[in-house]
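One letter stands for each residue in the lines below.
Number of protein chains: 2
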Amino acid sequence: MNEEPIQHRYPEDFCHCYGCGKLNEEGLGIKSHWDGRESVARFTPAAYHIALPGYVYGGLLASLVDCHGVGTAAAIAADEAEEAGGEGTDLPRYVTASLHVYYLRPTPLGPELVLKGRLKEKRKNKMVVEVQVFAGEEIKVKGEVVAAPMPRTMR
Amino acid sequence: MNEEPIQHRYPEDFCHCYGCGKLNEEGLGIKSHWDGRESVARFTPAAYHIALPGYVYGGLLASLVDCHGVGTAAAIAADEAEEAGGEGTDLPRYVTASLHVYYLRPTPLGPELVLKGRLKEKRKNKMVVEVQVFAGEEIKVKGEVVAAPMPRTMR
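Taken in order, these protein sequences are the chains called A and B.
Residue numbers for the first sequence follow the working numbering, so the first one is 1 and each next one is one higher.
Residue numbers for the second sequence follow the working numbering, so the first one is 1 and each next one is one higher.
Take these hints with a grain of salt, some might be off.
Just so you know, same-sequence chains aren't split out, so a pair can sit in one copy or run between any two.
What the hints assert, rightly or not - Keeping only pairs whose Cα atoms sit at most 25 Å apart, straight-line, the calculated PhoX-like set for lysine-lysine is: (1) LYS22 x LYS122; (2) LYS120 x LYS31; (3) LYS140 x LYS124; (4) LYS31 x LYS124; (5) LYS22 x LYS116; (6) LYS124 x LYS22; (7) LYS22 x LYS120; (8) LYS142 x LYS122.
In case anyone wonders, no lab produced these hints; they're calculated from the structure.
From a predicted model like this one, the values you see are computed outputs, not experimental measurements.
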C-alpha cells in the first residue's frame, strides 16, 4: 500500500478539488490509498453532515464515492503506464462521466466510514470503478463511478 | 408556484439535512419550488466548490440533484394526498434509494445553476425523479433520483 494518498500525487494544478484536493482549504480532504488491487479510504463525517439526526447525508456519501472512484481509476492508469515502461511521475487526472450511488441502508453518524474500490470494467478509455462504503462490518452504500481521462478543454 | 420552498415544509424533526435543511446552520440551504408539474431550484456554488479551478465539484452537483429530487418526490406525494382528500399539513419525507448523475459537460463556476425536476416514473411506492442542471441555456448535468418514503427505522 502506497503511504502517500492517491489524490496527493495529482499534478499541483489539479489539487483544488473540494472533495479531495490537498490545496482546497475548505474541502473534505478525502484520501485514498491503492495497493495494486484495491483502494481504501477512511473518512469520519462531521456532526453537521447529516440527512436526518443520526444519519449521514447522502450527498456527502456520493462525494466520497466520487473522489474515491476517480482516484482509484487514476491509480490504475498509473500502474498501467508504469507497466508499459513510462516514468512514474504525477498521476493522470480522471474525471467523473457518471456516478451511481445505491443507499442500501441508512448510514449511522459517528463511526469512521471505510470505502473500498476496485476496477469493475473497462470501456474503451473509461473505467468503471465499484465502491463499497462500510460503517463497521456492514456495507451501507454501494457506488459505481464511470471515470474518464480529463478532457483537454478542462486543462 | 408555491413561494415556500418544499424543504421548509418538511416536519421540523426532518429539517436538519446538510443539503437542504433549514435548521442546519452549516448546510448548503438548497431550496426547491414546485408548481404542480415541475420543480425548480436555484443555487450559486461557493468559490471553493470546485473540482478543478473554474469548474464546479461533481459531489456538490450530486448533492443538488439529490435534495432537489427527493424534495420533488415529497411535493408530488403531498399533491396526491391532497387530491385524495387529506389535510394539507407537513410534507411527507422521502429519502434517496439511489442516485444517478451524468456529467454531460463540465459545469462552469460562476453562474447561478438552475435545476429542474419532473416525475419520470412510479415504481410501487417509489418515485423516479428526473433532474436537469442548467448553467445558462445549456444542460450540464442530468440526474435521476429514486426516492422512497422514509423507512420507519429512521424516525
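**Item:** Violated constraints from the hint list, given by number and in increasing order
**Value:** 1, 4, 6 and 7
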